[in-house]
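J.: Here my numbering = 1-based position in the first sequence + 843.
No lab work stands behind these hints, which were simulated from the structure alone.
Distance ranges between label pairs, derived from CB positions:
| id | residue 1 | residue 2 | range |
| --- | --- | --- | --- |
| 1 | A1245 | D1052 | 49 to 57 Å |
| 2 | K947 | T1021 | 47 to 55 Å |
| 3 | R995 | D1227 | 37 to 45 Å |
With a straight-line Cα cutoff of 25 Å, these simulated PhoX-like cross-link-like pairs (lysine-lysine) come out:
| id | residue 1 | residue 2 |
| --- | --- | --- |
| 4 | K1014 | K1070 |
| 5 | K1014 | K1074 |
| 6 | K1323 | K1360 |
| 7 | K986 | K972 |
| 8 | K1070 | K1059 |
The C-beta atom is built at its ideal place from N, Cα and C for all residues, glycine as well.
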Amino acid sequence: MENIEIARMLAQTADLMEIAGEDPFRIRSYRNAAAAIEGFPERVADIACNPARKVTEISGVGKGLAAVVCEILSRGSFDKRDELVERYPPTALEMLNIQGLGPKSIALIIEHFRVTSLEDLERLCNDQKLRTLPRMGAKLEDKVLRSIAAYRQSAGRFLLRFAMGVADELKDYFSDRTVEAAGSLRRGKESVGDLDLLVCHADPEPVLDRFVKHSKVSEVLAKGENKASVKFGLEGIQVDMRVLPPQSYGAAMQYFTGSKTHNVILRQRALRRGLTLNEYGLFELEGNARMGGATEQEIYERLGLDWIPPEMREAQGEIEAAEQHRLPRLIELSDIRGDLHMHTRETDGRASLAEMAECCQARGYEYIAITDHSKALAMANGLDEARVIAFAEQVRHIDHQAAGIRIFSGLECDIRRDGSMDIDDDALAALDFVVASVHSFMNLEPAEMTDRLLRAVENRYVRVLGHPTGRMLFNRDGYKYDFEAVATAAAHNNVALEVNSSPERLDLYDPLLRAAKAKGCKFTISTDAHHPKHLANMRYGVLTARRGWLQKEDVLNTLPVNQFAEAIRR
DNA sequence: GCCGTTTTCGGCCCGACTGTTTTCAGTCG
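Let the hints inform the model, and build the full structure from the sequences given.
T.: Laid out in structure tokens, this is it:
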């Protein structure tokens, strides 16, 4: 059993314990242990069977939870979990995803009504039954109904990070041949419905056999001569694998990468040229002679187009641009020279400044900005003015030469309801780099939110607007405001807009990136890392930026360190 | 349930908002 599975089981039990109203500190221990195990560099299962090692080596796992972990490893569950699973319907855990309902309300609802599904819950709201319970009213019923609808819309889709993890796992599994992901994953979409994998091979059978025999395949949906579909892993994501001969590989890659509308336009274009395009290749209408198909380049070229990067294939003008040889040269991961948004143990991060810097150096960065929270985020132990100044002082004394990386003193400063900064100007002036972000009052009327953000980007110390829309994928929409007005003001005030690489955010994203770029905005791509392992999320931010047609020149943290330092000087 | 210790018990990030109350519990971050 892998660490992630153990962690998930502990976290799930913690959720159930919360519904059962158990001791909050005990619950936290379960959560801490889950996080520690998930982030643990070695397989916990290996440590458990090594007589020379102890599971309690993992900080956060004591005697009690070590026994639990061993029980999980030996029989796939543990007593406490069994007891809770027995006591509550499976939908209890699902209900935690519904905004407005927490563990207490869920316990109450389950106690009073036999709720076994979200449909039951929906019915309770529609029948105005929820309001018969203490502290529940019409507004809550309304909120729950809206949240159920949003939750349903996201169900069955998976975050890009998760899908990429599965794709990487299967690529490793087929280490001796090339497996490539097509579909929305290849286009870098923030979420994907299923996974399309392509393999180039003349003899499909052994490849597909091996695919369906993967230990994580829970169900084989279909298996034919050239294609197999399975449900994969605990989450049950559908994975399709197609095996293609070399002469069709490029055509299949093109076809299965999509998007659908992009492909429709390409096929129309082929027809106008007396050709027909399908997943096997490009053919002449008369006589059926093969005109291409081994590579994507060949197909685009035969259609009079430059090769179009997958992230741009959304029928947003890329075909015209390719025809006129004016496709932008998109930013690449290797262009990134620094990460400008990260947290440390000083607030709610999990590692020290030195550890974060060391990991960034190992990633090959020239510079970073440490941007811990400001005091409005009390739950994160945000910095007040005195701590901000002390921190800037501390950074000033770091020997960058010796550290091997330039560290800029930064702050993720909360934007108050009125658009003012959560930290006084005097303290902000001590810093190199201020990211301003909204973390509260997210449901203001659009006009008030627009004024708030305009005031924020007009602040002379602010360099970046952090996660500008505030969306959380599968969870909540962004704040409502006049984005164009704020982007215009940001460009005018030299405030960059952030592409936040956190897989749950990916904010800004494609249509807004293009709109902001048209207004003359600059951007940063940063991870918002709260742990060294989050630094690797930069790849998702770069993919998102590419979907917004961003080039190296549009992004501040592609600059060499001296130019970057110059660019952020007031 | 973990951790650290002034070792075997006490502390563990908590403030703001919402909707429901009629003085505050529950949720959120």
